[in-house]
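Which chain is which? The protein sequence lines are A and B, in order.
Residues in the first sequence are numbered consecutively from 1, following my numbering.
Residues in the second sequence are numbered consecutively from 1, following my numbering.
FYI, nobody ran anything at the bench for these hints, they're computed from the structure.
Quantities reported herein were computed from a predicted structural model and do not represent experimental measurements.
Watch out, some of these pointers could steer you wrong.
Repeated chains share a single entry, so a pair holds when one copy, or any two copies, can fit it.
Cross-link-like lysine to any residue pairs, in silico, SDA-like; alpha carbons within 25 Å at most [said to hold, decoys possible]: (1) Lys421 / Thr470; (2) Lys83 / Gly225; (3) Lys329 / Asp252; (4) Lys56 / Pro291; (5) Lys442 / Asp432; (6) Lys56 / Pro45; (7) Lys442 / His420; (8) Lys469 / Pro93; (9) Lys63 / Ala288; (10) Lys324 / Ser130; (11) Lys226 / Gly102; (12) Lys56 / Ala288; (13) Lys56 / Ser143; (14) Lys226 / Lys396; (15) Lys329 / Ala300; (16) Lys329 / Ser130; (17) Lys63 / Asp33; (18) Lys442 / Gln103; (19) Lys396 / Pro93; (20) Lys476 / Arg364; (21) Lys370 / Gly333; (22) Lys56 / Ile292; (23) Lys442 / Pro45.
Number of protein chains: 2
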Amino acid sequence: MAEQKKMVEEITSMDVDFAKWYTDVVKKAELVDYASTKGCMIIRPYGYAIWENIQKDLDARFKALGHENVMMPMFIPESLLQKEKDHVEGFAPEVAWVTHGGQEELTERLCVRPTSETLFCEHYAHVIQSYRDLPKLYNQWCSVVRWEKTTRPFLRTTEFLWQEGHTMHETAEEAKAETEQMLNVYADFCEQALAIPVVKGRKTDKEKFAGAEATYTIEAMMHDGKALQSGTSHYFGDGFARAFGIQFMDRDNKLQYPHQTSWGMSTRIIGAIIMTHGDDNGLVLPPAVAPIQLVIVPIAAHKPGVSEKAQELRARLQNVCRVKLDDSKQSPGWKFAEYEMKGVPLRLELGPRDLENNCCVIVRRDNREKQVVQLDELETAIPALLQQVHDGLYEKALQRRHDMTYDAHTMEEMIDIAEHKPGLVRAMWCGDLACEEAIKEKAGLTSRCMPFEQEQLDDVCVCCGKPAKTMVYWGKQY
Amino acid sequence: MAEQKKMVEEITSMDVDFAKWYTDVVKKAELVDYASTKGCMIIRPYGYAIWENIQKDLDARFKALGHENVMMPMFIPESLLQKEKDHVEGFAPEVAWVTHGGQEELTERLCVRPTSETLFCEHYAHVIQSYRDLPKLYNQWCSVVRWEKTTRPFLRTTEFLWQEGHTMHETAEEAKAETEQMLNVYADFCEQALAIPVVKGRKTDKEKFAGAEATYTIEAMMHDGKALQSGTSHYFGDGFARAFGIQFMDRDNKLQYPHQTSWGMSTRIIGAIIMTHGDDNGLVLPPAVAPIQLVIVPIAAHKPGVSEKAQELRARLQNVCRVKLDDSKQSPGWKFAEYEMKGVPLRLELGPRDLENNCCVIVRRDNREKQVVQLDELETAIPALLQQVHDGLYEKALQRRHDMTYDAHTMEEMIDIAEHKPGLVRAMWCGDLACEEAIKEKAGLTSRCMPFEQEQLDDVCVCCGKPAKTMVYWGKQY
């Protein structure tokens, strides 16, 4: 018990210092290590296994909708990046530049891709000639680089892993439908796999992606009330197609520009998992992406039969869940703390007394509820318990978002909430950039999204009093 | 038939110009496209699907042996690259340098990783303290960059995809066993999944990896008799560990340096598949990694029942193999040529007459053998036919290697073979660098490997006449 206490004490409580709690968890749960390259992270086996589970689930969803994976180069020649004006303005200030290859200085600088619209467009210009070549539904899993001044593991790093979908369509309607469909894929994934409730909506022009006509987002609320943009889906119209000269012969034998989308989700989502579900004992992982879903901890393993039965259970349960048996020499107390830190959803304790009764104790990570389960009922009990953990996590996160979302009707209210109540603020907006900027300056809140589910809280803008156009979620962001 | 002929004619025959045949195949089978970044390739959906199948198979083999995946940064600070002397000498001349991040010039240049020994070592120095922390069995799937002057898709590109395993062990023996084990994993994979026979052996000191004590290789013979290094496994001793200050407390409480390995296989292996199995009709894919294993081509699809039955078969066979139904409006002849070009192992033809007899025709891609199969026997016939294609490809490649491998007993013989007979040459060697260089100069052959399976062809070195130490495979390389 002393050991368990020692480990638990090593994490800063989230109420004392949330940022410190976060970095403690990513280190102590062995998710990342810091590299000597400024702002880059090393994702350790346990962290990477979470990413692999995320990848596998998302990739299957993409492929079920007809998307195909490809690989684009990691370098973009400067002249290619410059082809779309808004895009280069948005990204050029934050890229890494390769100027030398081997012993020679390059005649043209190459940037390390911050995102790959320009590369996909160059390729699409080669392979799209006719409406028969459309749609093109491509996706890529890779890492990208954005030169960041201040970084935090998963949330903001110079290099990060992501997937980027890039599609081309015959019509604007089709492309818009794709943009919406992929936002729904992200939202479903967050809710069904990660137990993270999200708000779906559209970004304001100020917050949209460089070069996009419209950016859609899913926003999740973290433990501390801040918002985390968890996935985005962009509609480009035919802007890039025009800039890159991508044209196709349509069904009436006329040359047309195709309509484009892109959409991405990154390792940032691991930060969302940590900050949505974690607690003062460490990580709490949603079962669908947990590298270990159930850990078996033998109690008094030296007593006759315990160790053998634990091994037998491990072999049996491999078909039921991702199971680990920890039969190392550490004390049970140490192991309890260790796997709580690592966020393993279920712990199975098995001791001599349990053997006599042909049962075991299963403890849920999310609420520490214990229950005695008959050994021959494990095959049905464990999937049910994993589902309960998922549901419990989702409900708790939804309740928190509900409790920490406030409506503001005046700027005074808005400033007061921003100062005293961490969370999201719903307020009406006229649609003017000036008001968006004033709200940021006065209340320190940025527009998170214009949610698809609108409510008419007032008739006028919270800032200027002119007629309101939209209800907006405002918040502090990661 | 005219269409089919047209497509087939578009490929250069491999006997006329093997290099041209190769680039024709990678383009026409839609494996790659060229990017404007010099030397980089775009891997298109069909090519990437082959890589995904390779990845999935290899990754499962690695994990079954206890390896874990991680992500290291893509950048290496110059000072980190320089820590191991031989390593930096080998790689520094061929890396890409990042000198600017965002708007600023960096105080220290970063190279884009050409390989990640230095990054893994930096991390291992953080996480290895005790023998209890060993072994560390890590692997990474990523892309690396080597600044190449002349490039060819898959075979030699500035950026390429690969996996790199990096492991640390308590003892030299354990590390050596790992090096050998992983070479065997590669060899088994090539033979069992890719139907490519390989020669296992050790590289000479001249040809070994920069910084390694020993490099092991699997060498495959291409259609034109040239050798392709298809996977390598390196033993490092404790050289990097000393350079990076990685030490652990051993079982006797003494500080020791751990022993290290690394091993890699890259997208180059797709080049090996093309050049081992391909023919003048295009690609021929080994069934284990073929994105489509069986294509269904309806004949006279407008006749009653054909189209419906084809769809029914597709649905049924999805549980048996990776199946595609091409019910597009192209002619059957066009489709035959198209899927031959793409190397699909089996083609299923289904027409009105077949329907009457409740059968279909299946054609093997590798030898064009046709057979009539009863529709209700497809579930057993298809797996058996896929196995036959695999075996047929393997046997043909093995026979070719056998037919194109020659023994040389004198330098005259060696030069004569090198000039007139494409293939590998087996000859004895004294072990001196001078003779290795002389053979390269006079015969244009480099040492491919010192095979594990030795034979005493002569008692003296083929070059200098001094006592021979080893039989070596010599050849022209990709």
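Now for the hints, and whether the structure bears them out:
Taking identical chains as interchangeable, the C-alpha atoms of Lys421 and Thr470 lie at most 25 Å apart only when both belong to the same chain, with a minimum of 23 Å there against 78 Å between chains. When the C-alpha separation of Lys83 and Gly225 is checked against a cutoff of 25 Å, the pair qualifies neither within a copy, at 40 Å, nor between copies, at 45 Å. In this assembly of identical chains, the alpha carbons of Lys329 and Asp252 lie at most 25 Å apart only when taken from different copies (19 Å versus 75 Å within one copy). For the homomeric pair Lys56 and Pro291, the shortest alpha-carbon distances inside one copy (12 Å) and between copies (18 Å) are both at most 25 Å.
Taking identical chains as interchangeable, the C-alpha atoms of Lys442 and Asp432 lie at most 25 Å apart only when both belong to the same chain, with a minimum of 16 Å there against 78 Å between chains. With identical chains, the CA atoms of Lys56 and Pro45 are at most 25 Å apart both within one copy (16 Å) and between copies (18 Å). In this assembly of identical chains, the alpha carbons of Lys442 and His420 lie at most 25 Å apart only when taken from the same copy (14 Å versus 83 Å across copies). In this assembly of identical chains, Lys469 and Pro93 lie within 25 Å of each other by CA distance neither inside one copy nor across copies; the values are 33 Å within and 60 Å between.
Taking the closest pair of Cα atoms, Lys63 and Ala288 come within 25 Å of each other both inside a single copy (19 Å) and across two copies (20 Å). With identical chains, the CA atoms of Lys324 and Ser130 are at most 25 Å apart between copies only, with a shortest distance of 23 Å across copies and 53 Å within one. For the identical chains of this complex, Lys226 and Gly102 are neighbours neither inside a copy (45 Å) nor across copies (27 Å), given an alpha-carbon limit of 25 Å. Taking identical chains as interchangeable, the C-alpha atoms of Lys56 and Ala288 lie at most 25 Å apart whether they share a chain (11 Å) or sit on different chains (20 Å).
Within a single copy, Lys56 and Ser143 get their C-alpha atoms as close as 16 Å, and across copies as close as 19 Å, so both meet the 25 Å cut-off. In this assembly of identical chains, Lys226 and Lys396 lie within 25 Å of each other by CA distance solely inside one copy; the values are 16 Å within and 63 Å between copies. Taking the shortest Cα distances, Lys329 and Ala300 sit within 25 Å of each other inside one copy (11 Å), while across copies they are farther apart (70 Å). In the homo-oligomer, the alpha carbons of Lys329 and Ser130 lie at most 25 Å apart only across protomers (15 Å), although the nearest pairing inside one protomer, at 66 Å, exceeds that limit.
Only between protomers do Lys63 and Asp33 lie at most 25 Å apart by alpha-carbon distance; the minimum there is 22 Å, versus 32 Å within a single protomer. In the homo-oligomer, the alpha carbons of Lys442 and Gln103 never lie at most 25 Å apart, since the shortest distance is 53 Å inside one protomer and 30 Å across protomers. Proximity of Lys396 and Pro93 under a CA criterion of 25 Å is satisfied in neither setting, with 40 Å inside one chain copy and 56 Å between copies. Taking the shortest Cα distances, Lys476 and Arg364 never come within 25 Å of each other, neither inside one copy (32 Å) nor across copies (62 Å).
For the homomeric pair Lys370 and Gly333, the shortest alpha-carbon distance inside one copy (16 Å) is at most 25 Å, but the shortest distance between copies (66 Å) is not. For the homomeric pair Lys56 and Ile292, the shortest alpha-carbon distances inside one copy (16 Å) and between copies (20 Å) are both at most 25 Å. In this assembly of identical chains, the alpha carbons of Lys442 and Pro45 never lie at most 25 Å apart, being 44 Å within a copy and 50 Å across copies at closest.
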